[in-house]
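**Q** Okay, here's what each chain looks like letter by letter:
2 protein chains.
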Amino acid sequence: MTKTVIVTIHPYDGSFCHALMSAVRDGAQNAGQEVDLIDLEADGFDPVMHSKDLIGFLKHKAQDEQALDYIRRIKEADHLVLVFPIWWELMPAMMKGFIDKVVFPGETFDYDKSATGMRSLLDNLQSTTIITTMNTPRSVYRWVFGDAVQRALVRGTFKKMGLKHVRWMSCNMVKKSSDDQRAKWLATAQQVGARA
Amino acid sequence: MTKTVIVTIHPYDGSFCHALMSAVRDGAQNAGQEVDLIDLEADGFDPVMHSKDLIGFLKHKAQDEQALDYIRRIKEADHLVLVFPIWWELMPAMMKGFIDKVVFPGETFDYDKSATGMRSLLDNLQSTTIITTMNTPRSVYRWVFGDAVQRALVRGTFKKMGLKHVRWMSCNMVKKSSDDQRAKWLATAQQVGARA
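Protein chains in written order, with the working numbering: chain A, 1 to 196; chain B, 1001 to 1196.
Simulated from the structure, these hints should not be mistaken for laboratory data.
Glycine included, C-beta positions come from ideal geometry on N, C-alpha and C.
Please note: incorrect hints may appear among the correct ones.
[Unchecked claim] Partial list, derived from the structure: chain B residues whose beta carbon lies under 7 angstroms from chain A: (1) Y1012; (2) G1014; (3) F1016; (4) Q1029; (5) A1031; (6) L1090; (7) I1099; (8) D1100; (9) V1154; (10) G1156.
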């Protein structure tokens, strides 16, 4: 059975971000996939890299119990979907801490002699999709703020660690968006879940 | 008396990041300035935006007690210096959470009709300097990863909220750097502290 792991963070259940997460989940379930939802705040995840985590990074062995649980679950994933809001041009602290503690040497990637110097240990993973919400226009985010999340997360993290088929779905100007636009985004998020 | 507030995060006291922070502090103190050091991990700062923080953002009133203390101290600053490592092309979760909870409407900035739509409420602040360490070459960070921290933090946060004289000092390839290079960086960090 194909497995989709969704990782999400948003402090408000009524947010459009939450609706997007639900749409991905529904799309995957309706397509007969198993869904594993990681809600970082509900888990009380600690996003801070403490001294023991840094030492673990150098020794290639994750230390955080919750992160180890996430790593185990993500190693079983065929598809990985991250859903989060963009605040101050970047992911929330919670999602950055998830990256710092889960994109971990010896756990989800290893160093080698590839083009980027890293190879993925997520052997089942076929695709990774990042879905974000923001209130900045697409062109401003790209040309003024340099598509920071695309550069840092898609290119500088997931592709660098050796993942293939990494995509970014950006929902811009969400506050001012029409019902039609929102319906389109939710339909696309369902398709992301269904791999349609 | 001129006041410099230093905000820092690094889980390892022996890091070069920590040495840079000390150099800024020494430079400021030797120049006769008052120094207020904010060590986010020592304070046990919670970088997560919880539901009450998000509601506070909408109501323009910060809720986190520790963040309110930081806001009060930064409002007294003439110079602000952030010192942190770059992990996965960006600041650690702790520093992102500091931004999310301290760059707050009604507290450190307000919305208005300026070019960026925001104006700073940090009336004393004359300069803001970001000092970072990374093991990526400068040219790769710029051309492949789009200077993500410059775009998101310097341009997309501090300049957007209305701060003037925002500078970024990037220490690249730190692991492989020579003693000479490190001495130069530390001297520059001292000058940042001394405003020399």
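**Q** Hint by hint, work out which the structure violates, then give me just those numbers in ascending order.
**A** 2, 3, 4, 5 and 9
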